[in-house]
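If you're matching them up, the sequences are chains A and B in order. If you count by my numbering, then the first sequence holds residues 3 to 363, one letter each, in order. If you count by my numbering, then the second sequence holds residues 846 to 1190, one letter each, in order.
Treat the hints loosely; a few may be bogus.
Said to hold, decoys possible - Computed cross-link-like contacts, DMTMM-like style, restricted to lysine to aspartate or glutamate with a CA-CA straight-line distance of at most 20 Å:
(1) A:106 <-> B:1184
(2) A:109 <-> B:889
(3) A:215 <-> A:190
Quick caveat, the hints were computed from the structure, so don't treat them as lab data. Nothing here was measured: the structure is a model prediction, and the numbers come from that model.
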Amino acid sequence: MNVAESFRDPALCKGLLERLHSELDQPLRFMEVCGTHTVAIFQSGLRPLLPEGITHLSGPGCPVCVTHESEVAAFLDLAGRDDVILATFGDLMRVPGPKGRNLKLAKAEGARIEIVYSPIDALQLAIKNPGDTVVFLGVGFETTAPTIAGTVLMAKQQGLNNFKVLSFHKLVPPALKVLLDDPECAIDSFLLPGHVSTILGLEPYQFVAQNYKTPGVITGFDPVDILESLLIMVEQRKKEDYSIVNQYKRAVSDSGNARAREVMFSVFETADALWRGVGCIPESGLVFRDEFSNFDALKALDITVTEAPPTPGCKCGEVLKGKMQPGDCPLFGKGCTPAKPVGPCMVSTEGSCAAYYKYSV
Amino acid sequence: MSKATLAEQTLLLDHGSGGQASNRLIGSLFFKYFDNPILNAMNDAARLEIVGPLSMSTDSYTVDPIFFPGGDIGTLAVHGTVNDVAMMGARPKYLSCGFILEEGLPMETLERIVASMANAANEAGVTIVTGDTKVVPRGAVDKVFINTTGIGEIFASPAPTGSSAQPGDAVLVSGTMGDHGLTVLSGREGLNFATDIKSDSAPLNHMVEALISQIGDIHVLRDPTRGGLATTLNEIAGQSGVCINLREGDVPVRESVRNGCSFLGLDPLYLANEGKLICILPQEKAQAALELMRSMPYGADAAQVGTVRNGDDGPGKAGQVVLETPLGGHRLLAMLEGEQLPRIC
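Bound conformation, chain B alone (with noise of 0.2 Å):
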């Protein structure tokens, strides 16, 4: 777009309008990036190619910063849905996505967070075959927001779900916790953490594959995003009605995650992570899975973080997930209230 006039280097309500600004902006940014035969048949919906059964995930995204170290919101709006979609144990195959734009955003900035998604995408392996523009008043929506559905083919049989975790189970991840959300909050805050601190944002979906087609008997697969680690164990504590063991020692957290939470008063297991999962399977196929994850270019730290066990067998209950710290002593894990806020002292 280097040869553009001013006024088209700065998006319009115009762009929004349906009409022939809008054709423009369609024509040579989303089918630039986004080229594929489904989105360029231009009709009114996709035609696709899929059989069930099916996964389907929507989300909407409104980081700010809109552009983080390790990501942008465009790798996050591919990551994130392709991710959750293959958490059912499914292959993503298509994605939509939806853009809210503010009036003003500078061009540049949309086609950099446009060819993000298409790197993202292509590296996932999922095509973007529909998509929808709007743009509004300067004010109205913070910059950009973006919203992507995802479509995959369900392979695993059974598929694994929030409910299907068992006593004896092993609870693993695929790497370090709080990377994405110290990443964001310390961009938004403009607090320059001088460290290797960034976004774990990837496509877990290869992995996924990797998991179910050669270990099996996955049990459940959560990406733990907002809320946490925490967060997601107490909510397939509750779905399973199982008492989650998370051994505090064994979880993996950057020192540089670490510090920068103890600086501002908060906690690794409850930030977002966007490029990691969650894997319970039988204790015996545990050592197999760790060692696929970490042959995995997203799964290097990969390590087993804890157990489940019977709600009575224990300290704590059916639902819960109690801590075993590196003491020996335990306490309640619990979901968490709100937001996590920086505190006084």
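In isolation and in its complexed conformation, chain A is listed as follows (with noise of 0.2 Å):
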């Protein structure tokens, strides 16, 4: 068994789990704020292994999910530009903005929208298309951020004019404070995502265990990683010490990665941001610092984002903070499903509606 298969095996699974069952002796709610745990979690069928006193939460952790209606509508807009390649993450593509209109369907319709692996590849079509504008959707959290900051330092460097970035980037820590302000969302622990993790280490998330009592763990996205982690949250509701603890120390460091977020804060700044189905959240957005304009779609091709209304009977919102399991949505599995998504937490791979509907047996 290499190291990368002992995270999953079975038998060291079982070991935790009966740990786990033998010493839950109170009610647990976790959130997973990262929707690649929520994924994890259906796929490597933990779900229904847990004690019935856990129950989990999705959190607003995917990024897909928490683009805010008027974002969508922003990108739609662009794709109809003549002179406007889009270069995306491939899981926008499906994104319903207003009207139930996407990026695949403004694809069928002759915009030129190129799915990309990296910003890299999105500099290399500015490159290759000096005649054309390539707009690159910066949609994403920590983890992609500093990779987007970089390319558009590269693209400083190389002086090129045509490459712009539509910085709808979103920060963890300011949703979390949202999540534990509000006493409706009665969360007991969270699991840290880990990927955003490695990028901001523990400080950012030092508040959650200081000013709310309430424990976090950076996790890993095999079983073994969860399972350790909810091991964690229930001893440390046994003792009532809280902290930050860091589960996914072979990817995380406890000091996050420094460069990245010198070279993120380097090109972007903090600002208020829309989230889908949240609303505004103080500070938890990214946006280019003056110097970079140049590089600002949003400036650069004088797009104005106006607040599109929610869309009806999404319960999204509620889903993302944990107010409401999907199931519960009066449209889940009705009038939204997969292959007609009403919200974004159906149409994204990690969304929980999504995982809800695909995984649940």
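Starting from the two chains in their separate frames, assemble the complex, guided by the hints.
Quick look at the structure:
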């Protein structure tokens, strides 16, 4: 068994599950902040094996899910311009905007949209198409923002004028504060995102334990990681001794990646941002610093983001905040399915509604 | 074609005109490689010696890139249709072949593809008896599209069908899953994985013939092409009105494919295969079928991956595929919605 396999070892998991069953002495509502954790829990088949007293809630950590309707509308407006090539990660293609339109439909109608695997690919696209403006859709959290910032620095070095980024990045810690301030959320503990934490480290989450007396565990994506983290949460609640623990030490340094943060904040600065289903969260987004405004698609292409009304009937906001389980939404599985998603939680491969719909037996 | 003039080294609209240029192309290329008496007779249609019941299938091939590790669009066009015909418990005998070609295609590229097709047909033991060539203006197609139609004699009785899976049956696969899909995807996107990933494109008709004649009582045969194992098993579960229990830990997947999928956020169970089959048959025959497949050129990694059961006999219901994870948990393995796309993080 190699190292990677050992984190999925059935015998090890069985032991951890037995411990979890015997040590859980009070109900535990934990939120997996990150969509990849939601999917990992389903995919590994852990969900039906957990003790009944454990309720897991899906959080606002799927970047596709929290991209606001008005931001999707801005993508679609851009996709209609003759001189623009949109470059995007694949999972934004099916996100519904106003009136159910999405980038897939825009592409079928003739919009020039390229699915890329990294922002560097988008930069290459700009180099190859000097007569067009290539706009990279900057959606994501702290995980992707530094790479995108680094790409902007490269574009600046190369004097590229036809590469722009539409920055709708979001930051995770401010969203956690909103959840903790809302008494209806009633979250006992957080499974903190592994990928985002490789950049952030422990420090930005400390307020969760210190100010709100809530445990938080930075976790990997294998069953052993998740089970070990649940045991840490149970133990902390038993002892009423709350802290942020880094369970994912093989990938996450306690201090995060200082260089990545430096790059990110050399290009971007924080600003208020709109989150789908949640609304405006102060200082939770990243916008271009003035000296990089030449790369800011919003300014360079004169795009105005006007707040679109929420989609009628869609309860994705309640689901993202852990106030509602996907199956309790009146649209779930009826008016809203992966084939015809109404809300973003159903469209994203990492969305909680899509995960419940796809994986629940 | 080494003595060709410069103009003859590139495909022109003239080559699809039906005139002299077409005749030269057909004579120097298609007849040279596909050489057989039925084609050479040059009639409007092929005269075939064949008896029923028959299995017939058609498919169009538009793969990008047209050349990839382990095969090319030509091998796919033969293997894909041969395998579809064979999965009905048939011996594929004849193929038709229609080309839609883009003006400006290097003749050398076309020749490589035609030569691949001839080799693939030869290995499968099928004859390409009729064809068609169209050349369309540059940009109207992407280099080359190929349509093949295959016809074969069904020799299994009863013939395997997607609606014949029965509770208690074993679900076997003839080898590793996802090799073709990941190879083509990584080739298309220029990802250049430094690994041994290559397409599994292969003819499966000889394996089918051996399974039916030596093992018998084969209820279902399917090749899990687009949509992969997960989608094909869902189709079978729906057609047969049964629940299929798939044991994730038993599904053979190459480590390189698993790692590539993990990197891209893809699931190998949904990736296309072009040289693998699913065989569903009574459990008591499973071991013999596995041993037979493992003794054949394209079945070395054959494995039992699951069982068929009644819908009300455990988690899941009729028409569904339930995945049993190595931890002993269960989840639904649904049919793929849309295409798999790489994700943000």
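Cross-check of the supplied hints:
1. A:106 <-> B:1184: holds (11 Å)
2. A:109 <-> B:889: violated (41 Å)
3. A:215 <-> A:190: holds (9 Å)
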